[in-house]
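K.L.:
Here is what each chain is made of, one letter per residue.
Number of protein chains: 2
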Amino acid sequence: MASRRKSSRKVGLLLVGAGMRGLSLIPFLGRMPDVRIVGVADPIQERCQEFLEAAKQYSAEPIAVAGDFRELLVREDVDAVLATGPWNSHVPVCLAAMRAGKYAATEVGCTNSLEECWRLVNTSEETGMPCMMLENCCYGRKEMMVLNLVKKGMFGELIHAKCGYRHRLCQFLTGQNPHFRLDHNIHRNADLYLTHGVGPVMQWLGINRGNRFLTIRSTASKARGMEAYINTHDVTDKSLKGRRFAMGDVISSTLTCANGETVDIYHCVSLPGPYTRFGRLDGTLGCYSEEKGGVWLEGISEADKYDSLEAMYPRYEHPLWRKFLRSKINVEAFGHGGMDYLVLRAFIEAVQKREQPPIDTYDTATLLALSVLSEESVSLGGQPVTIPDFTCGKWLERKG
Amino acid sequence: MASRRKSSRKVGLLLVGAGMRGLSLIPFLGRMPDVRIVGVADPIQERCQEFLEAAKQYSAEPIAVAGDFRELLVREDVDAVLATGPWNSHVPVCLAAMRAGKYAATEVGCTNSLEECWRLVNTSEETGMPCMMLENCCYGRKEMMVLNLVKKGMFGELIHAKCGYRHRLCQFLTGQNPHFRLDHNIHRNADLYLTHGVGPVMQWLGINRGNRFLTIRSTASKARGMEAYINTHDVTDKSLKGRRFAMGDVISSTLTCANGETVDIYHCVSLPGPYTRFGRLDGTLGCYSEEKGGVWLEGISEADKYDSLEAMYPRYEHPLWRKFLRSKINVEAFGHGGMDYLVLRAFIEAVQKREQPPIDTYDTATLLALSVLSEESVSLGGQPVTIPDFTCGKWLERKG
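Protein chains in written order, with the working numbering: chain D, 1 to 400; chain W, 1 to 400.
Check before you lean on any hint, since a few could be wrong.
Since the list can't tell identical chains apart, any single copy or any two copies may satisfy a pair.
Straight-line distance between alpha carbons at most 25 Å, and here's what the computed SDA-like set of lysine to any residue pairs gives [claimed, not checked]:
{"no.": "1", "residue 1": "Lys292", "residue 2": "Ala303"}
{"no.": "2", "residue 1": "Lys353", "residue 2": "Glu125"}
{"no.": "3", "residue 1": "Lys241", "residue 2": "Arg398"}
{"no.": "4", "residue 1": "Lys56", "residue 2": "Arg345"}
{"no.": "5", "residue 1": "Lys292", "residue 2": "His336"}
{"no.": "6", "residue 1": "Lys305", "residue 2": "Gly381"}
In case anyone wonders, no lab produced these hints; they're calculated from the structure.
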């Protein structure tokens with residue numbers, strides 16, 4: 001079922017969604033000599049034109065344009081499809097891509113039903129094509145060093161992790177072009193943006209590879225932040241004045257795992273203050289704290305004092321980052337400190353080798369399902385709800 | 001019912017429990033010129049003798065000794081009773097004290113049933129005598145500055161708080177004299193030591209004074225830390241080798257409040273790493289982070305950068321601490337950076353003025369109940385459980 005590709009040819013990509021994220025990938029993809037953007041699709045033609053203009057800086061090769069991505073999907077030179085549009089487009093785009101025999105990758109987002117997640121899994125298994133979430137934080141430098149320490153057993157037995165997303169998006173959501181995320185925040189009370197935090201944690205805990213998530217329970221605080229912002233700032237859409245928001249300013253969730261670990265997740269996109277992802281990992285031999293910027297390891301660290309990440313990198317850098325930093329690639333030119341480059345390369349290389357990507361469809365489905373299940377738990381007053389085993393038992397045999 | 005006392009006389013104290021905590025109060029109480037330790041009671045006579053020896057350094061006044069505190073309880077020169085013994089003794093001691101017309105204060109701890117909490121409330125209301133938990137963290141310098149900022153409205157509307165207790169007690173619990181807390185950790189799976197974190201948060205959120213706690217849900221990780229420690233260290237009680245511990249290494253809890261705020265609580269006493277209480281407060285105008293050691297306030301702080309606590313103290317120090325630091329009292333000579341002095345003074349002054357203490361019986365009952373309710377939630381798989389209104393509606397009228 002998988003379409004064959006000539007291995008010496010550049011990997012041909014179709015981007016579905018020419019908004020902010022799609023545009024932001026141009027400098028990254030444009031710098032990869034083995035990648036070519038074959039086509040871009042977006043119902044808003046102005047966006048496609050803007051995309052073409054921006055892409056010219058990097059390549060003179062023509063890029064096909066369409067309003068409906070299906071017009072470009074079956075092209076022989078399309079090897080993979082990137083879903084870079086609004087959240088609600090991600091699953092339909094990936095499903096169509098896999099059915100057309102293409103590799104599928106989705107930008108981070110959320111879903112609305114568990115059925116969407118099962119559709120991804122079922123379609124992937126039927127077609128043999130994978131669907132990878134481009135969760136860039138899995139490739140962050142500190143997150144990967146922590147992963148390296150985990151693999152070396154230096155934290156001992158893992159017990160607990162914390163993660164989250166605190167990033168005030170009030171201005172972003174109510175700016176000149178109201179963002180699609182606004183509707184989700186107005187009508188849905190849940191943690192809809194947890195993958196930046198949970199993605200790396202899934203890798204540390206070996207989820208879907210000898211371990212799995214069992215339950216999630218989510219509690220929402222009251223919602224005041226967006227309304228407070230709209231009442232005190234100039235927003236483009238005046239109808240937002242007095243609008244009520246369903247999404248609590250802070251969503252606190254806890255996951256349980258088959259192997260007994262727990263994970264605390266925090267979500268806040270509507271209150272002012274510094275950005276953080278609250279990363280933390282606790283094991284029987286040490287711990288990591290993103291807030292404190294360091295690692296504490298028994299037998300290595302001084303009592304009550306974290307060793308800074310900077311002090312740890314020389315010895316414990318993840319091999320992927322060590323190679324990345326030694327390469328001639330200008331790390332800083334890539335998004336979010338370089339992690340965007342690495343996550344895209346991981347996908348591209350999977351396409352080239354015709355292999356499963358490191359974040360596979362089971363992982364993607366799991367990450368997407370958590371948003372829906374968070375919503376269910378909140379609606380039940382914080383009751384724990386169960387997380388499906390999207391691997392249907394394969395997690396027991398698969399190794400990390 | 002309240003026993004009269006001559007206001008010029010020193011406040012006479014009976015300490016029930018001459019173990020580690022009781023002993024540690026001697027230097028603090030000994031330095032207070034308006035306080036006198038009248039009696040000490042402990043079933044273990046050696047402890048009482050050690051207490052008397054230590055107390056001689058501060059005062060030549062005689063201290064009565066008994067195995068059973070009831071022998072000393074009705075003395076006319078006992079104005080107040082401090083429950084400083086094992087956790088399970090706190091409530092019985094305070095009940096007896098109140099019934100004898102004495103002010104009662106309890107060291108931090110936990111309870112085993114909601115009934116114990118209601119007994120405290122009922123007895124206090126019947127006798128008119130209060131029971132104050134000596135939660136020293138309520139008087140911590142940074143916690144009080146945050147309280148000062150809250151009272152000034154500088155965080156805006158409060159939305160969420162975090163708190164916790166991460167303090168590896170493996171050596172402490174398995175040391176020469178097995179500690180009474182060990183049995184609780186062996187047999188109970190719950191957050192039994194949350195008052196250091198929740199105490200200050202209760203004051204920030206005005207709990208029992210226009211607000212109240214509604215529900216708590218707790219999730220426990222697996223328990224590995226104590227066993228790992230015992231297997232790799234020399235412990236006095238060899239029967240602990242191979243002993244299973246019920247208490248998960250990490251207990252994650254979330255509280256909901258009547259006014260819509262939520263509070264995340266973390267508990268870990270069995271894994272290695274630096275001490276922390278994870279304090280955090282989020283509001284519509286700013287936030288506080290203990291981990292980052294600072295405060296961020298809209299209109300005052302630079303984007304994405306906390307102002308350090310040190311930078312904030314000159315302008316925003318709580319008046320109580322400002323007065324404390326300007327006094328001739330050697331702050332550092334008192335426990336835990338000075339907070340122990342302030343919490344004891346708050347109690348002593350309530351006794352002197354025959355007033356309700358700032359942490360009153362309703363607050364004490366609430367703090368104690370959370371441990372029991374955490375245990376119930378864990379046993380129900382993390383289901384939220386309800387928290388009683390110990391004020392029976394008075395919280396609606398009382399102001400902070």
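K.L.:
Now look at each hint and say whether the structure bears it out.
P.N.:
Against the structure, the hints come out as follows:
1. Lys292 / Ala303: both (15 Å within a copy, 19 Å between copies)
2. Lys353 / Glu125: Answer is within: at 18 Å inside a copy they meet the 25 Å cutoff, but 75 Å across does not.
3. Lys241 / Arg398: Result: close neither inside a copy nor across copies, 51 Å intra and 34 Å inter.
4. Lys56 / Arg345: Within one copy, since 21 Å is at most 25 Å while 73 Å is not.
5. Lys292 / His336: both (20 Å within a copy, 22 Å between copies)
6. Lys305 / Gly381: For Lys305 and Gly381, neither the intra-copy (39 Å) nor the inter-copy (35 Å) Cα distance is at most 25 Å.
Of the hints listed earlier, those the structure fails to meet are numbers 3, 6, in rising order.
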